[in-house]
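A.B. asks: As given, the protein sequences belong to chains A and B, one line each in that order.
Taken in order, the first sequence gives residues 7 to 495; the numbers are from the working numbering.
Taken in order, the second sequence gives residues 7 to 495; the numbers are from the working numbering.
Treat the hints as calculated values from the structure; they're not laboratory data.
Take these hints with a grain of salt, some might be off.
Calculated lysine-lysine pairs in the PhoX-like style (CA-CA distance at most 20 Å, straight line) [to be verified]: (1) Lys185/A to Lys112/B; (2) Lys164/A to Lys112/A; (3) Lys457/B to Lys429/B; (4) Lys112/B to Lys159/B; (5) Lys208/A to Lys185/B; (6) Lys101/A to Lys52/A.
Protein chains: 2
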Amino acid sequence: MTQIAAIIGGGVIGGGWAARFLLNGWDVRVFDPDPQAQRKINEVLKNARRSLPGLYEAPLPTEGQISFHDEISLAVQGATWIQESVPEQLDLKQKIYVSLQEHCSKLAIIGSSTSGFKPSELQQGARRPEQIMVCHPFNPVYLLPLIEVVPSKKSDLKIVERAENLLRTLGMYPLRVRKEIDAHIADRFLEAVWREALWLIKDGVATTEEIDNAIRYGFGIRWAQMGLIETYRVAGGEAGMRHFMAQFGPALKWPWTKLMDVPEFTDELVDMISDQSDEQSGMHSIRELERIRDNNLVGMIRALKAQDWGAGALLKVHDRLLNEKAAMAFTIDSLDLTAPIETVRRAVPLDWTDYNGHMNEARYLQAFGDATDRFMEIVGCDADYIQSGGSYFTAETHIRHVDEVHAGQLIRVETFCIEGAGKKMHLFHQMFEGDRMIASGEHMLIHVSLKTRKASVPASHIVAALEKVVEAHALMPRPDGVGRMVGKK
Amino acid sequence: MTQIAAIIGGGVIGGGWAARFLLNGWDVRVFDPDPQAQRKINEVLKNARRSLPGLYEAPLPTEGQISFHDEISLAVQGATWIQESVPEQLDLKQKIYVSLQEHCSKLAIIGSSTSGFKPSELQQGARRPEQIMVCHPFNPVYLLPLIEVVPSKKSDLKIVERAENLLRTLGMYPLRVRKEIDAHIADRFLEAVWREALWLIKDGVATTEEIDNAIRYGFGIRWAQMGLIETYRVAGGEAGMRHFMAQFGPALKWPWTKLMDVPEFTDELVDMISDQSDEQSGMHSIRELERIRDNNLVGMIRALKAQDWGAGALLKVHDRLLNEKAAMAFTIDSLDLTAPIETVRRAVPLDWTDYNGHMNEARYLQAFGDATDRFMEIVGCDADYIQSGGSYFTAETHIRHVDEVHAGQLIRVETFCIEGAGKKMHLFHQMFEGDRMIASGEHMLIHVSLKTRKASVPASHIVAALEKVVEAHALMPRPDGVGRMVGKK
Chain A
7 MTQIAAIIGG GVIGGGWAAR FLLNGWDVRV FDPDPQAQRK INEVLKNARR
57 SLPGLYEAPL PTEGQISFHD EISLAVQGAT WIQESVPEQL DLKQKIYVSL
107 QEHCSKLAII GSSTSGFKPS ELQQGARRPE QIMVCHPFNP VYLLPLIEVV
157 PSKKSDLKIV ERAENLLRTL GMYPLRVRKE IDAHIADRFL EAVWREALWL
207 IKDGVATTEE IDNAIRYGFG IRWAQMGLIE TYRVAGGEAG MRHFMAQFGP
257 ALKWPWTKLM DVPEFTDELV DMISDQSDEQ SGMHSIRELE RIRDNNLVGM
307 IRALKAQDWG AGALLKVHDR LLNEKAAMAF TIDSLDLTAP IETVRRAVPL
357 DWTDYNGHMN EARYLQAFGD ATDRFMEIVG CDADYIQSGG SYFTAETHIR
407 HVDEVHAGQL IRVETFCIEG AGKKMHLFHQ MFEGDRMIAS GEHMLIHVSL
457 KTRKASVPAS HIVAALEKVV EAHALMPRPD GVGRMVGKK
Chain B
7 MTQIAAIIGG GVIGGGWAAR FLLNGWDVRV FDPDPQAQRK INEVLKNARR
57 SLPGLYEAPL PTEGQISFHD EISLAVQGAT WIQESVPEQL DLKQKIYVSL
107 QEHCSKLAII GSSTSGFKPS ELQQGARRPE QIMVCHPFNP VYLLPLIEVV
157 PSKKSDLKIV ERAENLLRTL GMYPLRVRKE IDAHIADRFL EAVWREALWL
207 IKDGVATTEE IDNAIRYGFG IRWAQMGLIE TYRVAGGEAG MRHFMAQFGP
257 ALKWPWTKLM DVPEFTDELV DMISDQSDEQ SGMHSIRELE RIRDNNLVGM
307 IRALKAQDWG AGALLKVHDR LLNEKAAMAF TIDSLDLTAP IETVRRAVPL
357 DWTDYNGHMN EARYLQAFGD ATDRFMEIVG CDADYIQSGG SYFTAETHIR
407 HVDEVHAGQL IRVETFCIEG AGKKMHLFHQ MFEGDRMIAS GEHMLIHVSL
457 KTRKASVPAS HIVAALEKVV EAHALMPRPD GVGRMVGKK
């Protein structure tokens, strides 16, 4: 049954949560008295639809239904997850919990997006404090995986564990905070940097743009993949973390930072910062900046995915989960061999398009390469087999680009096996967007020994599986386009 | 004439500087009394050679010569740039300046890698304080572009400007710090986060791994592309930076962080942190972690390059500079048309390899696509022309994979134009590594109107240029492999 998420408060953060749930197949009910809420959430959804699906190699589930409600009771009844993202006023949050707990299930997860309050503060005055916890996300919620999950001593740990498991099915990373503390973990770091930045701007040491450049051209890129400690471990070199601390430790006594001392938040300081920010970024609207940001994040997270590291490694795990859910048939025995085999079903990622505004030609071959990998897996040439020293290398490829396709569109590849005997495997892939055939790829692959890098005969289970597919596919008419050469029919 | 950089102190940072200079064609002279210096620098160089060249689409200049010297005088004589990266002891640094200024040119740039000291402190006791400045890099120096350039009031601004221009030719980003201050800019932020992290670990709120995850799964990825302020500008939404500050400003008065209060640096705390770090990262050696880090950085910086943003935008500028230096002939008139045209010369980037350990099949097509783009540029279908509404789309491709190639190897593509008349352009690319022909790509392209997305006749200057190339190339024998189809000669 489709699960329901209630979104209480529909700004940028609530909208981001709504997008995460919806695009992962949940139904979403929004409660927000702001007459602009629907417009705001739709804008976040638009950004999410353009960037999230293409992060994955697997297709996301069918999108859920979103509805908007004037009564909090209608939003929370039957909801598995209730996410509160209203302004940071403790009494407002507490009032909302009182009101929604009259109508929601005792088993529902009530998560707060608060960046500052502790769960024990949120729980005060609540009818059932045990189901309330902090689930603090990071903007854009539809792309960044981190959720700080903070229970208090009153929290029901079974509900907390259920929340963490559900977050993983949404592709998120629940970081359980061991002890409740103001601002949890990440925002304490952000607050520290923000305070120091205010001083630097106020004292004329650096402008807003210089501060941003000092971050993004240096340690910011490092922190996207290893955090503070692992980076320092590497910096310590062969002598390791202990050596690093021996070097850096005493520096802590130096009066470098001004951090507890807070500059007066005067009109002059606010003007200075917002004027500098206008000069730095004012050439782009906020919408443009959001899209630029999302393009960058998608590209970088996918780059990390190729390395199976950091946020990219999380994404890989979620991809595997989605693949299982999509119930794609992996084994030769469970497949219908009387038709071409579906080997790819995915959205075109943002980073696959080029200056012509469409999917770049090399990405067609990338998708066909993925189709070949999936087909290899089906006939038994999987990761374990490759580990044991055998694989197929592509010797020759012919691609026809029949039609264009754009970021976000769903493509699928159907694979026809023309020949598969001895060292050879001859495949013909057709790529579709909806009913449109947009490209074909014909490939000759040669089985090789990864030790000698020379052609070799595959293992017997692969020979047998290929034979079975070739026999079945030989009964179908050959697809149009097989055996073409460039420039001639 | 080849320029000379003197590297005073050859640890991880000095080695990173050596690599930047060497791989950008400078000769490097190292002075470091440590008997391990040569080994340490060679290890950094190995990492740099594997990761830096492939960042670019253009080839780097021929690598310079490195030499090791027992006398500081021999290292600094004739050097344009002298970079000091010795341990953070002010008196040691000051003594070194006195000693090297006896032998170096008055015009030489003397940069210090210090992360803490102010230039006015470094200059005390120096014979010519005006040529000493802070040039503070970030590890790994061969990949991260940021250099904090800090002059004092005594600094000669002409020397400072020359330093900044030279840094740009090395692909680095000089950030001029307006007023000298302890720890410059970035390290003040790092120090703030480090202090807060020590408290969180000490108080049992988070482990080292949890702290790293709180950074890299959330704001770390954001900061790799937009810094602190631009990120908050976006978070403020349509109302912008002023609105964000109105919301967030008062939070500064809350007692969130413990930052000026420094935990006792006891043996227990050092043990706790290094034990946690071992548990988190101990399964990888430091060398492995360095390579993982470099793979990640290369992938992410190249992803940003595709978006022309942040560190990727800097890289694009440097690429253009390198292309001009490599003196690649861009115009039809300056080209030798009696031979195939060189359209690509580049190193294979780290992120182009796959689970088989060699360049992935799709990247062959990407390189051939780049070759096609370069050829289009040569015949006048350049960025301006595409902007005006015409372009070529690939209709059909045939690739023969003849041999493997690995990350870091230099590949080049030679392009032969078979046909170029009416709407058609028929190209044959051959890819080489050294003398090895490793692949061929045959492509039929169709000229299109970007408005109608339909085939159309190109502008007359393109027609004329193509005619000229085709006529010249028709006098050469056709390369072996033209007109092949998959599986048949």
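A.B. asks: It remains to establish, for every hint, whether it holds in the given structure.
C.D. replies: These are the hints, each one checked on the structure:
Among the hinted pairs, lysine 185/A with lysine 112/B is inconsistent with the structure: their alpha-carbon atoms are about 59 Å apart, more than 20 Å. For the given pair, lysine 164/A sits about 12 Å from lysine 112/A by alpha-carbon distance, which is consistent with the 20 Å threshold. For the given pair, lysine 457/B sits about 16 Å from lysine 429/B by alpha-carbon distance, which is consistent with the 20 Å threshold. For the proposed pair lysine 112/B and lysine 159/B, the alpha carbon gap of about 18 Å is at most 20 Å, so the pair holds.
This hinted pair checks out: lysine 208/A and lysine 185/B have alpha carbons roughly 12 Å apart, not beyond 20 Å. The hinted pair formed by lysine 101/A and lysine 52/A fails the criterion: a straight-line CA distance of about 31 Å is larger than 20 Å.
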